[in-house]
Structure formats: C-alpha cells, structure tokens
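Participant: Here's the letter readout for the chains.
Protein chains: 2
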Amino acid sequence: MSERKRLEQWKGQINQELDRVMEFWIQHSHDQDYGGFFTCLSQDGAVYDDLKYIWLQGRQVWMYCRLYRKVPRFHREDILNTAITGGEFLLAHARPSADSLKCAFVVTRDGRAVKIQRTIFGECFYVMAMDELWRVTHEDRYKKEARQMMDQITHWVRVDPTELGRPELCGAGKVNSMAVPMMLLNLVDQLSEDDEEMTTTYKEVGTWSVQMILQHLQRDGKAVLENVSEHGQELPGCLGRHQNSGHAIEAGWFLLRQAITRTDQSLAKTAVEKFIILPFLLGWDQDHGGLYSFQDVDGHCPTQLEWSMKLWWPHTEALIAFLLGYQETGDQKLLEYFEKVYNYVFSQFSDPENGEWFGYLNREGKVALSIKGGPFKGCFHIPRCLYMCEEILSKLLDIMDNKA
Amino acid sequence: MSERKRLEQWKGQINQELDRVMEFWIQHSHDQDYGGFFTCLSQDGAVYDDLKYIWLQGRQVWMYCRLYRKVPRFHREDILNTAITGGEFLLAHARPSADSLKCAFVVTRDGRAVKIQRTIFGECFYVMAMDELWRVTHEDRYKKEARQMMDQITHWVRVDPTELGRPELCGAGKVNSMAVPMMLLNLVDQLSEDDEEMTTTYKEVGTWSVQMILQHLQRDGKAVLENVSEHGQELPGCLGRHQNSGHAIEAGWFLLRQAITRTDQSLAKTAVEKFIILPFLLGWDQDHGGLYSFQDVDGHCPTQLEWSMKLWWPHTEALIAFLLGYQETGDQKLLEYFEKVYNYVFSQFSDPENGEWFGYLNREGKVALSIKGGPFKGCFHIPRCLYMCEEILSKLLDIMDNKA
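Chains A and E, in that order, give the protein sequences. Using numbering that gives the first Met the number 0, you'd call the opening residue of the first sequence number 0 and step up by one each time. Using numbering that gives the first Met the number 0, you'd call the opening residue of the second sequence number 0 and step up by one each time.
Derived from the structure by calculation, the hints contain no laboratory data. Keep in mind it's a predicted model, so treat the numbers as computed, not measured. Please note that the accuracy of each hint is not assured.
In this list, chains with the same sequence are indistinguishable; a pair is considered to hold if it fits within one copy or across any two.
[Said to hold, decoys possible] With a cut-off of at most 30 Å between alpha-carbon atoms, the simulated DSSO-like pairs for lysine-lysine come out as follows:
#1 Lys365 x Lys339
#2 Lys114 x Lys173
#3 Lys143 x Lys332
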C-alpha cells in the first residue's frame, strides 16, 4: 500500500473513532442537575458512582473546549455550553473552601470535598481547563484563574511545598519525579499558545522543566528513570529503578513540541531517540504486545501489582509521539512503530459494541476491568490522542498534496 | 481416607511448610548491621530494596516471639535474639521523633523516616510486637510501650482522629471501615491472653469492636460490606458496595475466637455462617479457583486494578477460619472448604524451589509478581496461618486419641 493510502486509511478510522468516543461521553457523562461530569461509567455508559474527580473534571472541560476550538465538526454550541457548565462547577467546588489554595481530589456529585491529595495534579488540570475556557469564551476571569493557579503551582514546586501538606522527613531526600516537570511543561505549552506575554512570562519555567525532564535520562543514555534526585542523580532502591514507559513517551512528545517551538534540533533528537524510541523498545511486551505499565531497570520484579497490565494511556501517548516524531523526522521506522501500536489499540482497547475504549487489560491483552471510566480514566487521553493524530495526519497529507 | 489420616497428612505437610517458610526469612531477612528485617526479597531471597516498612517489622517481631513462645522447635535463642533486635529497632526508629505519637510507615535501613501514613496500622503492629516481646522476655518496658500505644490508638479511633492528619471534609461522612474494628479486636485478643487486668481493661473495647464488625453484615444478612456508615448504614457508590472477602473471613476468625473466649454461641454461629462461609462462597472464583481480592456487591466491575488477582493472605485467613470453625462446630462442610483452599495454596502459592510463597497470582493462578516480600508482604500471614493450623490440627488429633 502506498504511504499516502496508509495515512488516509488511518485518518479515516481515527476520525470515526473520535466521533464514537466523544459520542460516548456526550451521551453518558453530563450531569444535567449539578453541572460537571460523571466519569465512573460502566462498559455501556451506565453511571456506577456519581463522585466527581476534580482532575477528570478539568480534563473533560479542556477536551471539550479544545475540540470546539480546533476541530470544525465539534464547533457546536452544546459542546461549548457543557464545557462552560463544567468550568463553573470547578470554580464553585474544586477548592474545598474560599480560602483554600489546594483543590480537592474528589468531591460529591453536588461538589462537597471528599478527599484532598498532597500533590499538584488536580490543580494542573484546573489550569488547563481555565486557560482553554478563556480561549473559547474570551472571558478574562477564566484566564485570571488559570494564571493565578499556575503561579501557585510553580510556587509549590520550586519555592515551598509546605502547603501541599507533606511533612519533611529526614529519610526522604528531595525527588525529581518525572510527572512534575512534565506537567509543568505541558502547562507552559498550553498557556503560551499564540500569547506573547505568557510566552515571555513562562519561558524560564519551560526551560527549567525541560532541564528537569532531561535529568531522567540515566545510565549513559540507555534508560529513562521515573525518579531521580533533585540534582539528577540515580536514587537507590525500587524508587530509583522505577520505569514508566508511558510517562517517558508522553514526556517525549512534550519535549518534541517544545523543540519545534524553539527550533532546537538537538532537543528534538533527544526527545525522539531517548524519550520516545528507547522507552518504547524497552517497554513493549515481546510476547503478548502492548506496553508494560511499570518496569525495573535492572529487571527485578516491580512491586506495583499492575506492573504487567496494559493500560490505555501509555498507548495513546505512543501514538501521538510516533506520529509527531515522523512529522518532524520523516523516519519510516517511527511510522512502523505507530502502526504496531495502532493495530494493538484498535484490536484490544477499542470497544466496537458500546464505543470508547476499555482502559485496563491484563498482560495477555484480555479486558481485566470492564469500566470505561473511573477515578483515573475520563474523557481525555483517548480523544486528545485521536484529535492530535487526525491533525498531524491531515498536515502530512496536505504536505504530500502540495508536493505532488 | 479416614478423617484421622487426612488431618495427620495435613499436619505433617503444614509442619514441614512452616519450617521451610521460617527458614526463608531466617536465612534472608535479618539485617545484621542495623537490626530489624529486610522484607523486600526476590523469589530466591535476594534483597532488592533495603527500606523497612514499620508494620512488617512489627509483624515479624511478633511472629518470631509467638513461635518461640508456642512452638517448641522454634524455642531457640537465635530466634529470640533476632526478635529482640527487631524490637529495639522499632523502639529506636518507629517514631520519626521523640515527641511524635504516630509511627512512620516506612524508614530507611538505618531508621530515618521516609513516609508517614494517615492510618493506625503501623501503630497496631507496634503494639503486637511489644506485647509479644514482653511475653517472651518479661521486660516491663515492652509491656508499657504496648499499653501506651494501645491507648493512643483507641483515642484516635474513638475520641479524636485529628493527630492522624486527615482533614475533616464536608463531603466525607464518617466511615466504619472493617479494617479498624478488626484490628482493634485482634489487639484486645493479643493483650488479654492470660492477663486478667488487661482483660478487664480492654473488655469494653472488645465489645465495641465486635459490634462495629457486626455492622458490616448488610442486606438482610446476605453480604458483608467493607465500609458502612458510623451508624451501620450502607453507604452510596463504590465505597459502600466494596467487598473484600479476605477481610471478612479474617474478621470471621477474630470473631470466632472472641466467641470462644466468651462462650457466646450466637456470636460463634454468626462468625462461621456470615463472616466465614458466606464471603468464601461469594468470593471464590468458580472458573479458576482462588479468592478474588475485591468485588462489588451489585456485580459492577471494581475500580481496583487488582480486583481479580489472587493474593496470598485471603487464602491463609480462610485456612485458619475453616479449621477453627471445624474445631468449634464439627461441621464436615468446613473441612471440605479447608481442603479446597489447602489444595489451591499448595499447588499455586507455595514455591517448592526457593521456599516461601508467591504473594500475587493473576486471575488464572499464574504468578504475576515473583517477589516473596515487599511493602505489603512480610513474615506474617503465612507462618501465622501454618502455626495456627498446626496447633488446631494437633488439638483435633489429641481429642480423637482421647476418644479412642
């Protein structure tokens, strides 16, 4: 098959899949009474719990706005209005009290705080939601919220984490955990889009985040480790040997976007070779296919019970990463890896019967949890992947057309 | 085969298995330099991480003392001395600072705090260790430590949980979580053994714990639910529908021991029928054998990724529960259930090559994690089960001999 034909076929199937996935969330997840979204959805979309996880609320608001803004067929009034209702739910209920800086991790259907985590991730998706809401509504109060929370997060990460509530303990050294600089870089990317002021304001945070991510490349460039010391040294024990190929690959395409923005060839090369290809080759299960969730760099058995399970999100990140990598390098090998992951996800994760994807397969690829959404899986990784892949494929096909 | 023959065979195999299991820990887990125990042990006993989990330290101290005290072939000076070294490690390092009430969850090899959990479980096993240490050394300072921490725990549970560090949130009602009264009942059982003063002191706590456990029997006696409201009402959502058959069965034998102590026939009946047999029948995987880790009482898919995995500890608790139940009731059905679990564990969990048991099997019974110990698995459930089963089988055989 010609390359053009392959890209067209993928684009067609991805386009359809994005519609089917969004239809699932639009049909089943909207809370008409209180605003916001149900994310605990069974295989067929039935709500099996009405708790609202704040980071998933933020992610879904972001996703709706982003599709409204970027994909013409989703530029629909109902999608915008639902996103606004979700955003207002967040404004009213994400913070447990008016004077609280932290967001709750999970709230009741009507917005009363149930649990607070001592991390920054709920707050990060709050920023994503608010910034994207501002871009579609042009209401400054959303932008102000995004900006304020962003500054709060960088303060917690870089100046003083006291308010997060974790006690400082003498046996616990400061850890550079991949998730934190990754998330910050993603926020900088979000806030800076077509915005010179924000680009200038957060340039240094972006540079710092890139450096902190690059620290995770260890062992003479032969492994990406999830946790290193604050000065970029390998840590002892399981913590130090921990590998999360999905995170590494996601960081890879975050880095690659940053490299494109900065026209930094060297960073682009590192992103593709070390953060995308290397973790993929190490993380792919040669026997059963799919990416392991966690591995130990020295080959010990991880202590996480789900280490060998195949989760949806490392695979969506790999699809984005390979396609973006191919766009930038033209390297055919990346297209082959894309195809490998593509075939795996469409045969194993996608649910032809009810729409959306299963999220949790066992090592052999069998569905282990039949839920479509839960405390960790909402309307985010899959539609983000499908929309980004559709966009990249369109661009690649346009370039071919222009060349022809 | 005659019943006598069956019991004898089981006793013989269990006796051998206990020796093999203890040999594994004695050979691989002792930290000669700092005292205490390594519990992160690979399949062959190699230490893959030297962090020390406080609850596992407490459990191993308890186990060594208990075997020293109750099983003549383990009444060895080296076992006692190692237990004392472990106890001294706890006294020196379990609490992050001299004025700290809470214990750490995990410390470095040399005892510096790495993480503190907002729960009571580390503290509970601290009590178990100190009380059992007192029983073998007769040193009052151990008893004093046990007593002091016990009073602290009951204060946190029944009067004021503020010091545990969990914020009170308006969306989070007070939950009666099975683990808490179970653990308290276990502590009362421990502290009261042959001790009239302690029996009197903690009688009311014991009665309260029994009542709180019985609240978990819901739906007209047709299900044991892991979490109920503080007044014993079913809770909404996943939290309320959550079932943990291993916990229910373990609570069952705790209740049964309490019923025996109090000669309470009605409590014994409830323990056996509702907390042991019922959860076993609901929790046993009819297709592949083994007890599920978690289930949803309405048949929804649980959100815990490991819900269908087979873990070692629910099976050890079932073995104890069925044998103790048979001892009390003489019901042959319980012996059949015992045999079913017995055959499963000896064929699936036990490692004939290196000793000890694997802890984590997938749904189909294949080893999913090859580790023998980790943050949650140490020297406790398996030797406790084997020693108790050996003791019960000896008693049953003695009774047969006396009858003959």
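Participant: Go through the copies and call it for Lys365 and Lys339: within, between, both or neither, with a Cα cutoff of 30 Å.
Facilitator: both (18 Å within a copy, 27 Å between copies)
Participant: With 30 Å as the alpha-carbon cut-off, assign the pair Lys114 and Lys173 to within, between, both or neither.
Facilitator: Answer is both: 25 Å inside a copy and 13 Å across each meet the 30 Å cutoff.
Participant: Checking an output row: Lys143 and Lys332, CA cutoff 30 Å. Within, between, both or neither?
Facilitator: neither (44 Å within a copy, 68 Å between copies)
Checked against the numbered hints listed earlier, the structure breaks hint 3 alone; every other hint is satisfied.
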